[in-house]
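Q: Sequence:
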Amino acid sequence: MKEILLTQSKVTLVDDEDYNWLSKHKWCAAKSQGRWTAVRGKPLIRMHSVIMNTPSNLEVDHKDGNGLNNQKYNLRNCTRTQNMQNMKGFSGYKGVSYIKRDKYYISNIKYKGKLIYLGCFKVAEEAAKVYNIAATKYFGEFACLNIIPGKEEINEANQ
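Letter by letter, the sequence shown follows residues 1 to 159 in UniProt numbering.
Quick caveat, the hints were computed from the structure, so don't treat them as lab data. Mixed in with the good hints, there may be bad ones.
[Said to hold, decoys possible] Here are the computed lysine to any residue pairs in the SDA-like style, where the Cα-Cα straight-line distance is at most 20 Å: (1) LYS110 with ALA143; (2) LYS2 with SER32; (3) LYS24 with ARG35; (4) LYS114 with ALA143.
Based on the provided sequences and hints, a complete structural model is requested.
A: Here you go:
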């Protein structure tokens, strides 16, 4: 693994075998939808798309959610729908929303354009667990699962 320096004091990670040909170009750091990526030229050429030789009808998914980790093990070609499944929600958990007025969490999942209600819960972690089960069922390997801390970790975070 090697680093390529980008603008804005950012670096991108690439595999050793890709470093020589990628580092011949000037790459810039660009923020899109809250995520940093490595790009060059006009129109924009995305480093991850070049590495994966991505067809125009597909996108590249960064498995770990880090748009600057362009190592091949972390990249996969996918459809727009599959790529959207990786986005996290504002509650801190994917598929979980807090209903302030009623003081509970709801869990939903979107599948094939339909929003599926999974239930309401007093604790966000329970809603996240239910979401994880549904995401695994509907999305398989492309499921973006929530990382849910154990009880000890929750208690430490609340202190």
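Q: Would you mind marking each hint as holding or not holding in the structure?
A: Now the hints, each set against the structure:
no., hint, in the structure
1, LYS110 with ALA143, "holds, 12 Å"
2, LYS2 with SER32, "violated, 23 Å"
3, LYS24 with ARG35, "violated, 24 Å"
4, LYS114 with ALA143, "holds, 16 Å"
Figure legend: structure checked against the earlier numbered hints; hints not met, in rising order: 2 and 3.
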